[in-house]
Amino acid sequence: MSKTPPPRLISRLDIKGRNVVKGIQFEGLRVVGDPGVLTKRYYEQGIDEILYIDTVASLYGRNNILSMVEKAAESTFVPMTVGGGLRSVEDIVAALNHGADKVAINTAAVARPELIREAAEAFGSQCVVVSVEAKRRGPGQWEAFTDNGREASGVDVLEWVAKAEALGAGELLISSVDQDGTCRGFDIDLLREVRARVEIPVIASGGAGEAAHVVTVLRDTEIDAVACGHILHFEKHSVAGLKQEMRASGLEVRL
Amino acid sequence: MIAIVNYGRGNIFSLARALEHVGADHFVTEDPERISTASGIVLPGVGAFRDAMDRLRERSLGDAIKLAASRGVPLLGICLGMQILFDRSTEFGDSPGLGLISGTVDRLPKGEAGAPRVRIPNVGWRHVALRKSHPMTADLAPEDMLYFVHSYVPYPEDPRHILAVLPVNGMEAAVMVGQGNVVGCQFHPEKSGPVGLRLLGAFAREVKARQPARRTA
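Going line by line, the protein sequences match chains A and B.
First residue of the first sequence? That's 766 in the working numbering, and the numbers climb one at a time after it.
First residue of the second sequence? That's 9 in the working numbering, and the numbers climb one at a time after it.
Since the hints were derived computationally from the structure, they do not count as laboratory data.
The C-beta atom is built at its ideal place from N, Cα and C for all residues, glycine as well.
Warning: the hint list may mix true and false statements.
[As the list claims (entries may be wrong)] Which chain A residues face chain B? A few, computed with CB under 10 angstroms, are given here: (1) Gly782; (2) Glu835; (3) Gln891; (4) Ala990.
Turn these sequences into a full structure, and let the hints steer you where they fit.
So this is what it looks like as C-alpha cells:
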C-alpha cells in the first residue's frame, strides 16, 4: 500500500541585492525584508523547504546570493533550493558548496537544454529543478519566459516541460507570470496541463493570496508542492497557520 | 572526532553545520590517513553512484573507509553515501560499491498511472516504519517525518539488515539499514529539521560511547 507524500509547503524568497523582494507579475519589486530573518522565521514555523531565487543574477550574469544562502544554512536544517544565474556545472557546484541541496535553472537551460542533462549526470536528477516562468498566450497555451519574467523565449511551455523531463530534470517549478503577486490564486489550467505531461514532481508558484488558493490547487491538480511568497512574506498566514488550514481542509501536512 | 568524508559530491556544508549544532566534534577531510584516525565516519553523498565511487577510488578513500569499518569505527552513510555501502548499483550501468552490506542498489518502482502513487524522484517528508531497534532511532516517534530526495534504493540481501522501511509503489523500500557498526539512511537527517538533528545527535553519542579512553595514560 503506497501513499503519496504529503504536499510540501515551500517559502519562495526572491532576492534582489541584499533583500527579499516581491512584485506583481515579476514587476514593481517591493522590499520585504532580510533573507536571514525570513529564513529563520519560516524554519522555526515549520516550513518544508526554502527556495531562493536571485532575481537579477541572469541579468548581470553573476550570482550574489551564495554567501546569503551559506549564512542561512548555518542554522536552517531543511532543504534549500537556489536559482538565478546558474549557467554551468561549475556554477551548480558553487551553489551546492554553499549549502544548497538543489538548484533551479531556467534561463541557461532554455538557451542550452543540454545543461539539464549535464547537471543530472553530475549530481543526479533529484538535484535539478527546472524552473519555468509561464505566460498565458491563449487558451491552453503558455510561453516560457526567461531572465525573471523579462524575456520572451518563444518556447512553448507544455513542449518544454516534457523535454526538460526527458533530459533528466528531477522536479519542475512552474511559476505563472500572470498570477505572480496578484493573490488571485494559481493558474490551475496551466498546472493541470503540465501535470498531464510529466511524471516528475511539480511545484506550483504564483498567485497564492489565501489558504483556500493553496488548498484548491492541491486538491484540483495533483501537483506535489506549492511555493508561496506574498502570503507568508506579508504575514497573511504563518507557515504553521497555513498548514493548519490545509489540514483542516483534509490535506495531510507535516506539522 | 567524526570525519566527514569529502569527495566532492555531497552537501558537506549542511552536514558539518548539523553536527556542530548537536555538539559533535568533527572535521571535513579528503585524506585517507585522517580517516584512519577518526572515531566515527559520516559518508555523505549527492549525485550519481558511479561518479561518486570513481571519486572515492581516485582519492584512495574507499579502502580507508572499509578498513576503519572493519575495525569497528561507527560509519554512517547518508543518501548516496548509504547506497555506496552496498555491493553494486544499476545506476548508469552496473557499478561496484564498497560492499560493506550485501545487496544491490536499484530504481524505485514507478507505480501505475491513474492510481495514487509516489512520483519518482521521491521528494518530500515521510513517516518511516521501524523494523529493528537501533540507538540512532531510539527517540524517533511515529509522528516524526524525515526528508527524502532519491530515485534509487538499496535492496539488501539479508532482511535482518533493514532497520526502517518506507512504502513506495507496492514495495517496502529499505530506507535505513545497519550491520554492526555500519549504518545508512536514505533520508537526509541534516535536512530533516529537529527530528533529523536528534538522529545525528544519537549517532554522535554512539561514536563517543565506543571511543576507547586512550587519553587517560
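Now the hints, each set against the structure:
1. A distance limit of 10 angstroms between C-beta atoms decides the matter here; for Gly782 of chain A the minimum to chain B is near 23 angstroms, and the interface restraint is violated.
2. The criterion of a C-beta within 10 angstroms of any C-beta in chain B is met by Glu835 of chain A, whose closest approach is roughly 7 angstroms, and the hint holds.
3. Because the smallest distance between the Cβ of Gln891 of chain A and any Cβ of chain B comes to about 4 angstroms, under 10 angstroms, the interface hint for this residue holds.
4. Given the 10 angstroms rule on beta carbons, the hint for Ala990 of chain A holds: about 8 angstroms separates it from the nearest Cβ of chain B.
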